[in-house]
Amino acid sequence: MSAHYTKMKEIPKTYSAKDHEDRIYKMWEQSGAFAPDLDPKKKPYSIMMPPPNATGTLHLGHATMLAIEDILIRFKRMQGFSALYLPGTDHAAIATQSVVEKKLQNEGMQNPRQELGRKKLLEEIRKFVDESKSTIRNQIRKMGTSCDWSRERYTFSDEMNTAVNELFRMMYEDGLIYRGGRIVNWDTKMQTTVADDELEYVEEKAPFYYFKYGPVVIGTARPETKFGDKVIVVHPKDKRYKNLIGKEFDVEWIEGKIRAKVIADECIDMDLGTGAMTITPAHSLIDFELSQKYALESPQIIDFDGKIRPEWSKACGGMDILAARKKVVEILEKKGLVDRIDENYVHNVSVNYRGKGVVEPQIMKQWFVDVNKAVIDWKKKKRSIKEVLQDTVRSKMIRIIPDRFEKIYFHWIDNLRDWCISRQIWWGHRIPVWHCTKCSNSFFSPTTVQKCKHCKAPNISQDPDTLDTWFSSQLWTFSTLGWPEKTPDLLRFTPSSVLETGYDILFFWVARMILGSTYALRKTGFPEEKSIPFKDVYLHGLIRDIHGKKMSKSRPETCIDPLDMIEKYGTDAIRLSLVIGGTPGNDMRLYEEKIAGYRNFVNKIWNGARFVMSSAEPSIKKGEDKINLKKLSRADKWILTRLNEIIEKVTDQIEDYELSDAGLTVYDFFWGEYCDWYVEMSKVTKNPAVLKHVLKTSLQLMHPFMPFVTETIYGDLCPGTMLITEDWPKPNPKWNFPSESDEMGRIMDLVSGIRVLRAESDVDATKKIHAIIFAHEDIALVLDKAEIIKRLANLGTLEIFENGEKIGKALTTFVGDIEIYLPLADLIDFEAEKKRLHKEIDDLAKYIQSLDHKLKNKKFLNNAPKEIIENERIKFTEGLKRLKKLQEQLEQVSK
RNA sequence: GGGCAAUUAGCUCAGUUGGUUAGAGCGCACGAUUCACAUUCGUGAGGUCACUGGUUCGAAUCCAGUAUUGCCCACCA
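2 is the number of the first residue of the first sequence in this note's numbering; add one for each residue after it.
It is worth saying that the hints were derived from the structure and are not from the lab. Remember, it's a predicted structure, so these values are computed and weren't measured experimentally. Where is the CB? At the ideal position from N, CA and C, for every residue including glycine. Take these hints with a grain of salt, some might be off.
[Unchecked claim] The following label-pair restraints were derived from C-beta to C-beta distances:
| # | residue 1 | residue 2 | range |
| --- | --- | --- | --- |
| 1 | Asp-743 | Asp-505 | 45 to 55 Å |
| 2 | Gln-301 | Asp-251 | 18 to 28 Å |
| 3 | Glu-344 | Glu-253 | 36 to 46 Å |
| 4 | Pro-447 | Leu-39 | 39 to 49 Å |
Please model the complete structure; the sequences and the hints are all you need to start from.
Here it is, written out as structure tokens:
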């Protein structure tokens, strides 16, 4: 028993991820490998991690994001970049406050806001965030994320608050931020406004009512908003109503007589409903815009709790929307004003995507960011936010991957309205503006003030509202680096190299970062190309279940928890299954069998390494894997040539963000070429230096994808070094042996040929049979590799000749010119073999015929490129050769 | 209503600028435990590339249209 064998027994047969991952992660973290090397000669590469909610837990979206980002950062770090991967968490304003309020309600509180007051509720939330923050941090670590924890940031830290206030000041003084009474989306449940793109629509079937309103019939799904309607709008070209336009009259309505007038506007769709509508300016966007246009009143009908204001109706005052709707219809019915009711009307109800509270349009004083005011110095002109948003992408300063999202992005900008940034919740950055009740002026101040800036009176109070969470998120890429101070980190790492996130967040966040970054950095002296937040945007798809459906908590059987999967299969396996098979911007299906499949690959690597390290000195001593060019066998030359090709291919694929392909490239190479062939050949004759070198290089190539298993093995293979900080492999120009590679290709085909013959006959698979080869030109090659052929094809004896008489009573095949015979006389079912040959000859004949047809087609010969024609000719002659051999075989068998 | 994506083997997906006798993994079938690995190895069956036209010497690939599925945006008085 050799010493190597003893060593092998010490290594477990299967790789147990759990036994290594935490230890390896700790080693990386403590070594300082996650922090960027600040050597000024190194080029910067940076990724700002999209911050998960501080109170959240890791889900598949995070896991995908972390896997992709970590692959990129590890790759760049190994390539020698000064690679910064900055982690952080988000205070997630509305989401977090609603979670804590709900929690307090479950603990018995009726209305936490009222009962606790602002200060105490904020304390509660802060406590909750502090307690739960470590959960997500540890889960990020579990994914193997190589981010620099010493630079961790939080969107609601004091530093971040300084940055938010500074941005607010700049925008406020530029007149970009203004306060105005406008129609906003009011969430009656959370008691706050929400932005336009935070709305979600739920389809609902509701009756659609037609009411007689004076001389016209109007249609509506919302009778409860109609108390104060006194303007009828029709299309100016509508013949039905032409003579009514401009007229006034009394109409009988819900609460008695109303003086109504008729106006005309182009915005009316004549084909919709009756072509006439009354307007409710306070609770509909279009109606509001009309009321602005024609200077109409806009009285509030529904209050902020979603109830009818009492002054409108004795019967309905204080009622909920649905109850009031019923009541109004009842009243109108009694008055005989209901024309008809369509019961099958389907419309969309707006809800807040956070918490799903019903959203009502309301007119309120809110803070807005003007997207049309030209204030940014951009390419020698003052430009608006909208213009800059468009230019950064149109001019390719920012590249969106996949590029089809650029169109979606432009479309979004075209429809962009001023951004409502104030929220009526407490958990968030407070609006740094003070109002004076005496002179009714407002002014900016980030700190507490005692007196009004204008009239010096002490009657001042801070604006009660907080900022939309995306207002602070828009600063993420540069406030994390110290802005507004010009820190070395900021100067070095901005713009980020790539922003990686899900496509569902393109508008919420990606667009707003472009907005915030270009504005703030241009204002503080950065040139245009340094003011963008990132150069590339990589958008990953959503993870779905095996049927392509969204994973949903209501169907737990379809849900995959990444942490469970890590526990069961290891982090490397889950990382691979989230990356392989996915392309940017496309959703991907995930199921447990897939993860198990990649776990098998992880184990394959483990065992490949186990073999190599047990069959040679287990570790590589310094310089020992230097390859001696003079001592290379054909097999060595083949695998080294392939390795060179693989290095080049994988590098290109990762550079091009083709991560799935890159992963598959190393997978196929390691398993299908290195293990299946080279390692098997090494069991006959081995070159330990090459064996180890290819293993070592493969580990380097696979490391970004599967950091744990590769680092674990590397630790044994190259003691004293850490894979995470190793150099990314480069192809070695000396290892280019195309002719030996071709030769080995023929040897492998030959082995496969024999295997096929064996499998087709009823020969016991374990039986060591005899084979005869006529190798012709390849005689030296086949003689050289005879032992390998014997072993891989499981032959007992092998005779090799340059040439010879065709052998009867044998199974035969050929590879190129090489003839192979398995003289198994009594074991062969010659009838079956004849049948097989007939079929093969028939298929081949058809194929040759089609080629012949093609090669006789003058149009083909005139139009196709030379190489293609040449190729077809080769295929044709090869086919003929093969056909001839098959026919000879058939003759032999038939004898 | 507008737009985007997908449609290839039983399942999940590849298929580079048009030129392969259309591939992989899983699953299935048959066979294999001599010392890296049964989380393994070998072999195989299985496809009118959704449909209809068109462009071309040549189409899974390009164009037009249709169908199915999913998503996004807008509107819904």
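For each hint, the structure was consulted:
Judged by the Cβ atoms, the range 45 to 55 Å given for Asp-743 and Asp-505 holds: they are separated by roughly 49 Å. Take Gln-301 and Asp-251: their Cβ atoms lie about 24 Å apart, and the range 18 to 28 Å holds. Under the hint 36 to 46 Å, the C-beta atoms of Glu-344 and Glu-253, about 25 Å apart, miss the expected range. Between Pro-447 and Leu-39 the Cβ separation comes to about 32 Å, which falls outside the hinted range of 39 to 49 Å.
Figure legend: structure checked against the earlier numbered hints; hints not met, in rising order: 3 and 4.
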